[in-house]
Amino acid sequence: MLARTADNLYWLSRYMERADFLARIIEATQRLASVPRASGRDETEWESALIASGAEEAFHAHHDVADEPNVVRFLAFSEDNPSSIRNCIEYARTNARAVRTALTAEMWDAINTAWLDLQSFDGQGDAAHDREETSRFLEFAKATSLVFDGSAYRTMLRNDAYWFSRVGLYIERADNTARILDVKYHVLLPETESIGGSLDYYQWTALLRSVSALTAYRWIYREGVQPWLVADLLILKQEMPRSLLACYDALVRFLDEIGQAYGQQGPGQRHARTVMRRLEQASIKDIFQSGLHEFLTDFVEDNSRLGDILAQQYLLT
Amino acid sequence: MPCFDEMTLPDGSVRDVYSRVARWLSDSPAELLESRRSQAELLFRRIGITFAVYGDKDATERLIPFDIIPRMISRAEWTKLEAGLIQRVKALNMFLADIYGDREIIAAGKIPADLVYRNAYFRPEMSGRPVPHDIYVHIAGIDIVRVDSDKFYVLEDNARTPSGVSYMLENREVMIRLAPDLFADHRVAPVENYPDALLATLRSVAPRSANSEPVIALLTPGQFNSAYYEHSFLADKLGVELVEGRDLLVRDDVVYMRTTEGPRRVDVIYRRIDDDFLDPLAFRPDSILGVPGLVGAYLAGNITLANAIGTGIADDKAIYTYVPEIIDFYLGEQPLLQNVPTWRCREADSLAYVQEHLSELVVKEVNGSGGYGMLVGPHASSEQITLFSKKLAADPENFIAQPTLALSTCPASFSQGVAPRHVDLRPFILSGSDGVRVVPGGLTRVALKEGSLVVNSSQGGGTKDTWIVEDDRSDSSLGQGQSQSFGASLSQSQSQDCGAGQSQSQSQG
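Order-wise, the sequence lines are chains A and B. With this note's numbering, the residue at position 61 of the first sequence is 61, and numbering never jumps. With this note's numbering, the residue at position 481 of the second sequence is 1481, and numbering never jumps.
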């Protein structure tokens, strides 16, 4: 297939996945910020949401105060933020239009309908009205991702077009899972609170809920929410579909399909396998010992390197 | 000036071919038509059939309005049109092969040499470079207007990159969904085999170096081009890659596309980019849409371009006036389809006539397009006419003149009701090494503004589905005679007053 087509499909999937992630980050942060707290403490939740979504620099170029209205508007609606949900859907459609011939009618319909609906959200209302509109908008973003992903899964031919779009999706999802887990690192516990205390507990629960994994957690671990088990679930549990290991399992598989179809393995396949092996050999105890935040930072870097390698190998020939 | 309505005759009777449409219209309550119209808009919007309007930030993607009343043409009328179209396109292809070859028509004195050699669309690079099978115009769109019950004129030939065929195909799909009963009531000639016909045509002109399964690609300027939807639609229907200039590379005069598995050789390019932008090394050096080296590969015979480079000379307004001579010269035949009567101001007699009758005529600049540099006599003030008369005297070679035409009208549906509107027709003619193919139908463009003759989509024009219907014997008792009696008693009351004007239809190219 055309290298540019593969590139467009890859990014199309990434943008759709990212829109879903941003919606989840905002919801998680709203929950974290609503936890009752001792007065006088600084709110760090919204700043942490910016850091987790990699938007803090762009945000501070436009705003001074990282409060809820500013951050939500920036992450969800802003045209100034290249990675806002609105822009993700815009870019996804631009990419989709460029490769319409490689999409099924259902996929095009999903993205084009979302793009048309997008015009009805302006994100300009006052604060009271805002929260309601925001929540409708976040539901819309998640539903859009879901419908798009579902129509791709159900209708695409299983050939390189499908594999490249899945590779985009899993690279993005792995990145997002790592970042959402890292939110907790950036949300500071007030000094009066102890690690493992009730606020800490509430924060980890909110995080699980944001990735629709609270029930899965209880099912697998059958005990109260513990930080290292949450991390274990989202990093190392193969059966958890957002976990880093599950994402890499899929990446290795789809890259293998591509390599086999083209009769050649390359640096992308090798790099994905290396990351996979590292995850398989890791234990959550070791990860916490050497620092969860450091582990996640390394992972995000490795993951983005895979994107660069694949661009060289296939997408920018 | 009264004009011919394709449904209703001056005496109020309905022409045979429209009898069921008329019944359908009178049986459908206004709300039903209204809801069908909004359904149509929704369908088009969902499918994403849009066109871009340059320089309009808020409306970069617009819908071309679709009118839900089909435009009806009988099989007998179509058969005549089709023969004329095939004849015309054959002659244009022979003309191009000749002027880029032996130039017999010029030697014979049928066409002034300077009209060819000094023409901006003449490509000297192509002289003495035969193209595969001598076919230059693989895809032609010929714009036809109708002025009475049996007179059709060719308004314009589009021999470069004619567009609009996707609307012909999508309009049919939408029409079948919106008015299944009306459709089932007729025997409508199908158009959906157009992509197959196009693919067969493109395969038939592959260079001899290509193997039996030539690789075909459709070259688009990209998604910001106004016709991008059509490009992606056609690539999809053809099952070929939709490429941009940056997806192609030329190595040792061979064209490749960049794929995830490395370069892949291309044999035929259906290009929807103008000559000027094809190759920055050969034409405009600032073109970023093109492919460096493409023309070299083309001249080396390693790739077929459809249409060929240099076809613009065949759809030029000055050459247009010579098409009857061109048909006679190459085919020894009388033209089956007439040109709009045209005076060439370069000829002294014609110039004198035109100067005398400026207030009745439409005078066009030979190289003008989009209606610029045009005088519409009946609408012009006496100052404008005096001014234009001087321009004409100073440079007569640059002008042609035509009478103001009474374009036919068809019923169109509006929220206030059904009303006649002016239409034209663009059928598409495919020429391959294995023959000429014409899909029965075409794109009917309709000027939706009352009284307007401008059918261009950028200026309030819309489209209709065009139905070529088999003649229906069971209904023939109703009045074959009616359509014949036309002309005897033209009454103003039934037909829309045409005013005076001229269709400004231009290639959407």
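Quick caveat, the hints were computed from the structure, so don't treat them as lab data. Any given hint could turn out to be false.
[To be verified] With beta-carbon atoms standing in for the labels, derived distance ranges:
id, chain 1, residue 1, chain 2, residue 2, range
1, B, Glu1173, A, Asp117, 18 to 26 Å
2, A, Gln265, B, Asp1252, 37 to 45 Å
3, B, Tyr1117, A, Asp117, 54 to 62 Å
4, A, Gly197, B, Ser1038, 53 to 61 Å
5, B, Glu1125, A, His62, 50 to 58 Å
6, B, Gly1460, A, Arg253, 48 to 56 Å
7, B, Arg1103, A, Arg158, 52 to 60 Å
8, B, Leu1042, A, Arg131, 25 to 33 Å
9, A, Pro82, B, Ala1189, 47 to 55 Å
Note that the coordinates shown come from a computational prediction; the quantities given were computed from them, not determined experimentally. Positions of the beta carbon are idealized from the N, C-alpha and C atoms, including for glycine.
Given the hint of 47 to 55 Å, is the C-beta distance from A:Pro82 to B:Ala1189 inside that range or not? 51 Å, holds
Hint says 37 to 45 Å; check whether the CB-CB distance for A:Gln265 and B:Asp1252 agrees. Taking Cβ atoms as reference, A:Gln265 and B:Asp1252 lie about 30 Å apart, which means the hint is violated.
Could you say whether the range 25 to 33 Å given as a hint is met by the Cβ separation of B:Leu1042 and A:Arg131? 32 Å, holds
Assessment of proposed distance window 48 to 56 Å (beta carbons of B:Gly1460, A:Arg253): For A:Arg253 against B:Gly1460, whose Cβ atoms are near 54 Å apart, the range 48 to 56 Å holds.
Check the following: the C-beta atoms of B:Glu1125 and A:His62 are separated by a distance inside 50 to 58 Å. Cβ of B:Glu1125 to Cβ of A:His62: about 53 Å, so the range 50 to 58 Å holds.
Taking the beta carbons of B:Glu1173 and A:Asp117, is their distance inside 18 to 26 Å? 24 Å, holds
Is 53 to 61 Å respected by the C-beta to C-beta distance linking A:Gly197 and B:Ser1038? 59 Å, holds
Measuring from beta carbon to beta carbon, are B:Tyr1117 and A:Asp117 in 54 to 62 Å? 57 Å, holds
Assuming the hint says 52 to 60 Å, is it satisfied by the Cβ distance from B:Arg1103 to A:Arg158 or not? 56 Å, holds
In summary, the structure is inconsistent with hint 2 from the numbered list given earlier, while agreeing with all the others.
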